[in-house]
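**Q** 1 is the number of the first residue of the sequence shown in the numbering used here; add one for each residue after it.
Take these hints with a grain of salt, some might be off.
Think about it this way: if two alpha-carbon atoms lie no more than 16 Å apart in a straight line, the pair counts; the simulated EDC-like pairs of lysine to aspartate or glutamate are [said to hold, decoys possible]:
#1 233 - 146
#2 60 - 86
#3 130 - 215
#4 196 - 55
#5 26 - 158
Treat the hints as calculated values from the structure; they're not laboratory data.
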Amino acid sequence: MKTLILLLLLQPLSTWARVRTVEVKKDQIVTVRTALGVATIIQVPDRPNSLVVGDQSAFKVEYLDQAITIKPLHGSARSNLYIYTDYGRFNVQLVSGPEISADYVIYLESPQEKVKSSAIGWRNYRNHLKNEVLVFETKRLANTVDGVLLIEFEVRSEVREKFRPDWLWLTQSGITRPIHSLALSGQDLGGGRSIKGVMQVLKSDASTAEPLRIELRRKKTSYLTIPKGAAWK
1 MKTLILLLLL
11 QPLSTWARVR
21 TVEVKKDQIV
31 TVRTALGVAT
41 IIQVPDRPNS
51 LVVGDQSAFK
61 VEYLDQAITI
71 KPLHGSARSN
81 LYIYTDYGRF
91 NVQLVSGPEI
101 SADYVIYLES
111 PQEKVKSSAI
121 GWRNYRNHLK
131 NEVLVFETKR
141 LANTVDGVLL
151 IEFEVRSEVR
161 EKFRPDWLWL
171 TQSGITRPIH
181 SLALSGQDLG
191 GGRSIKGVMQ
201 VLKSDASTAE
211 PLRIELRRKK
221 TSYLTIPKGA
231 AWK
């Protein structure tokens with residue numbers, strides 16, 4: 001009887017050792033350990049509304065209410081992952097290894113309480129350009145309280161090709177504006193594969209009195225325009 005009680009007490013210890021809570025500071029990168037045959041759950045404070053996976057061929061990522069599940073597709077899988085919620089972005093490094101060291105559940109928490117004014121209010125903004133067989137389409141826009149414009153987009157192609165980030169340019173009245181950050185889910189296009197991404201533009205790097213022009217420069221240049229009223233809320 002004593003042995004049975006001891007086993008019942010010890011059983012949860014190995015399980016709870018796989019459950020971690022991480023208080024995430026701004027721009028901190030959190031390492032999440034995965035393993036073949038294990039579905040790791042990442043729980044965030046708010047419902048995730050956008051995910052960007054660095055290598056889509058390395059991990060299977062799915063939504064699960066206020067969480068996401070992560071499964072490696074091969075034993076040496078590694079990738080970065082951006083989780084966007086209404087209140088910010090979480091930066092994650094995914095690594096795979098032995099099952100004994102895998103995380104089962106990770107709770108990502110913000111050190112500060114949610115403040116309504118800090119919420120990222122995504123709004124739909126559909127526009128697209130076509131450059132030969134390649135289509136670039138904006139999906140949503142958002143503005144953060146610290147002056148960052150987020151542009152969520154998708155890239156598709158009718159043929160198999162590798163997308164190059166240096167094809168994308170941002171201009172206003174013919175003047176090049178810097179793209180502060182560009183997160184892509186991959187680079188391979190065609191064969192039913194598309195790329196999802198998020199572009200960040202600093203308000204301090206652009207003129208809020210002018211529209212933004214996203215250019216796709218390949219053999220020819222195609223562009224779409226985001227009106228100033230849509231870009232800067």
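**Q** It remains to establish, for every hint, whether it holds in the given structure.
**A** Against the structure, the hints:
Of the supplied pair hints, the one linking residue 233 and residue 146 holds, its CA atoms being roughly 13 Å apart against a limit of 16 Å. The suggested pairing of residue 60 with residue 86 is violated, with an alpha-carbon distance near 23 Å, which exceeds 16 Å. Using a Cα cut-off of 16 Å, the hinted pair residue 130 and residue 215 holds, with the two alpha carbons roughly 10 Å apart. Between residue 196 and residue 55 the alpha-carbon distance is near 11 Å, which keeps this suggested pair within the 16 Å criterion.
Restraint check: the Cα-Cα separation between residue 26 and residue 158 comes to about 39 Å, which exceeds 16 Å; the hinted pair is violated.
The structure fails hints 2 and 5 (numbered hints given earlier, in ascending order).
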